[in-house]
Amino acid sequence: MSSPRSRLPRAVSRWLVWAPRAALGLLLAVGLFTFDYAGGTSYLRDDPTACLNCHIMREQYEGWQRGPHRRATTCNDCHTGHSIAAKYASKAVNGFNHSLAFTTGRFSEPLQINDFNRRIAEANCRRCHGALVQAVDGAAPHSEAGACLRCHADMGH
Amino acid sequence: MTGSDQPTSRARRRRIAVVILALLATALVLFLAFDIYKKKSERRLPPIPVLELVGEVDDPAAWAQSFPLHYADYLATVDQERTRFGGSDALPKSPTAADPRSTVAQSKLAADPRLPRMWAGYGFAIDHREDRGHAHMLDDETFTARQQKPQPGACLQCHASVVTANRKLGEGAATPEAAGAARLNAMPFAEARTHVDRAIACIDCHDPTTLRLRITRPAFIDAIARLEAGRGNRDYDVNTMATRAQMRSFVCAQCHVEYYFKGADTQLSHPWDDGLRADELLARYDATGFRDWVHAETGAPMLKAQHPEFELWSQGMHARAGVSCVDCHMPYKRVGAMKITDHHIRSPLLDAGRACQVCHPIAAEELVARAESIQERTLAMQNTAMDRLMDLIDAIQAAQASAPDDRRLEAARHAQRRASFLIDFVSSENSAGFHAPQEAARLLFLALDEILAGTRALEASPPARSESKTPRAAMR
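Protein sequence lines, in the order shown, are assigned to chains A and B. Residue numbering for the first sequence follows this note's numbering, beginning at 1 and increasing consecutively. Residue numbering for the second sequence follows this note's numbering, beginning at 1001 and increasing consecutively.
There could be a bad hint or two in this list.
[What the hints assert, rightly or not] Heads up, incomplete: computed chain B residues facing chain A, CB under 10 Å, no partners named:
(1) Ala1072
(2) Leu1075
(3) Ala1076
(4) Val1358
[As the list claims (entries may be wrong)] Anything over 10 Å on all C-beta distances counts as not near chain A; from chain B, calculated:
(5) Val1018
(6) Arg1043
(7) Asp1059
(8) Ser1066
(9) Ser1094
(10) Thr1096
(11) Arg1114
(12) Arg1129
(13) Met1187
(14) Asp1207
(15) Asp1273
(16) Lys1333
(17) Ala1364
(18) Arg1370
(19) Ile1374
(20) Asp1449
Hints listed in this document are in silico derivations from the structure and should not be mistaken for laboratory results. By construction, the Cβ of each residue, glycine as well, lies at the ideal position given by its N, Cα and C atoms.
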């Protein structure tokens, strides 16, 4: 015989069956709504207006629109990794960091690129302009991270 | 014991945990959704709420209805904060009937006993304190112990909001502001004080109908016109001819400049006819024979330099690159989706990120360290020059005591006047040399040259100062 304590009223044990399902369903619904409301799918694509979802990026966007790189690149060409895996990995890392910073308001202005993203941007400079800078690199390698950007920091926007 | 509708206690706990965690996660996501909603609505706000503009109203609280964010920053200038070499602490003080202030900034005279000797016989030897924010300007002038010596109403041109007072006092004149300012300048301080009632306000820098920057101090309008005339621009009117970028320095330059009280009616004036460099100012003072006071120990006809931030800045690299006072001291800041000019005016070193990184994309600590290395070196040079100035005062006193040779003493006193002004120019300037490092060094070098000339005048039998083989102009 089980002890009387372990026996629950029928209503409670029924509650224990549907309540977790309902709570998870609610979470899913609210999550999907928020994802959609925040323009979540836009971040999976390459359209530069996705970066404009946050108004803080307006200056960079407008700078890019007026600069020479608008003809050849989107934001992602320079600011995400090149392979599919690297691209979505960098999107995930930056997406999380940006959301956290923008939600909490804990970030310093003017915005500055961090080392992780500087390396990505630098690699992308060289992906297109590698032939051009090969001669420059030749004798005295400008190989440290961010070497292109040290002088050409405002090239993209 | 475990019927289909009777889960184990472990499974029961797990299900309850799932419910709680899922609800917490839902709350978190809802919070996120709400935060995104807030940020999306910020973007929809009109960028600047230009509501009913207030007209020529003194009271900043009236402007606050249209510009609450700017007003909140403006109020913050009560803050007292230190940088490594500047700023001040709020020292507690017992209010008295004569001086109701409950805090004051620390005394510069106590920190450096050479200063009262440099200014012996002048008001600044009685009371001179570290600077603090705009909010304190009227009280600090009204209650300074310098008031033991009679002060003119002219002080209030920069220690109070005077737009309305100048205009009222000049009613009926062709240019009411200039006429009113002339009257206010000539009054004794106590009388003039009854015509003003608050520190600098919106109206002192902004046109209340267009919000554009404007110059309201007749002394600056006059002096900048004379300076421009010297550069070949006749009939220069700063309010219609200056660019917006220039105005972002000129509004500050109405007060953060060298000045003197001209004539018996103590008219506020700036000695800029020959240029903005300290030695050009000095040449002007020498040409007109102006003196602020007579030195109590040596009898030299002295000059006091006062916060010449505009003049020193104008000789520096930032000015040359078109960087204005406002760019660094009132940098843009983001409030929601809006960018506003920070009206909490203060040292850029207190927020080097916003002030400097717009142009210099490097770490804030490094930027501050660079500025401090300039300041440290300037202060070391200034310290040496100040020591040598004390030596010169000693030497003049000794020469006076023994048989005074009037002619040689006169040359030494002239050297004291010039050296003292040049050192004072650097030391009273509020950037410790940062606004133009090499110019500050040049001026201290010139000061040492003056001191050397004065010392030689006292020592040598053939009168001093060989009319230099290296022309003085070469130092320019």
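Hint-by-hint comparison with the structure:
1. The interface hint given for alanine 1072 of chain B is violated, since its Cβ lies 17 Å from the closest Cβ of chain A, which is over the 10 Å cut-off.
2. For leucine 1075 of chain B, the shortest C-beta to C-beta distance to chain A is roughly 22 Å, which exceeds 10 Å, and the interface hint is violated.
3. The interface hint given for alanine 1076 of chain B is violated, since its Cβ lies 18 Å from the closest Cβ of chain A, which is over the 10 Å cut-off.
4. Using the Cβ-Cβ criterion of 10 Å, the hint placing valine 1358 of chain B at the interface with chain A is satisfied: the shortest such distance is roughly 5 Å.
5. Interface exclusion of valine 1018 of chain B from chain A breaks down, the closest Cβ pair being 4 Å apart, not more than 10 Å.
6. Not every beta carbon of chain A lies more than 10 Å from that of arginine 1043 of chain B, the smallest distance being close to 5 Å; the non-interface claim is violated.
7. For aspartate 1059 of chain B, the condition that its CB be more than 10 Å from all CB atoms of chain A holds, with the nearest at approximately 32 Å.
8. The non-interface label for serine 1066 of chain B is consistent with chain A: the shortest C-beta to C-beta separation is roughly 23 Å, beyond 10 Å.
9. Non-interface status of serine 1094 of chain B relative to chain A is upheld: no Cβ of that chain comes within 10 Å, the nearest being about 41 Å off.
10. The non-interface label for threonine 1096 of chain B is consistent with chain A: the shortest C-beta to C-beta separation is roughly 45 Å, beyond 10 Å.
11. Interface exclusion of arginine 1114 of chain B from chain A stands, the closest Cβ pair being 41 Å apart, more than 10 Å.
12. No beta-carbon of chain A is positioned within 10 Å of the beta-carbon of arginine 1129 of chain B; the least distance is around 33 Å.
13. For methionine 1187 of chain B, the non-interface assignment is confirmed: its Cβ lies about 47 Å from the closest Cβ of chain A, beyond the 10 Å cut-off.
14. In this structure aspartate 1207 of chain B is separated from chain A by more than 10 Å, as the shortest Cβ-Cβ distance comes to about 28 Å.
15. Here aspartate 1273 of chain B stays apart from chain A, with its beta-carbon at least about 41 Å from theirs, past the 10 Å limit.
16. The claim that lysine 1333 of chain B is not at the interface with chain A is violated, since a C-beta of that chain comes within 10 Å of its own (minimum 8 Å).
17. Interface exclusion of alanine 1364 of chain B from chain A breaks down, the closest Cβ pair being 8 Å apart, not more than 10 Å.
18. Separation of arginine 1370 of chain B from chain A is adequate, the least Cβ-Cβ distance of about 17 Å exceeding the 10 Å criterion.
19. No beta-carbon of chain A is positioned within 10 Å of the beta-carbon of isoleucine 1374 of chain B; the least distance is around 23 Å.
20. With a cut of 10 Å on Cβ distances, aspartate 1449 of chain B stays outside the contact zone with chain A, its closest approach being about 42 Å.
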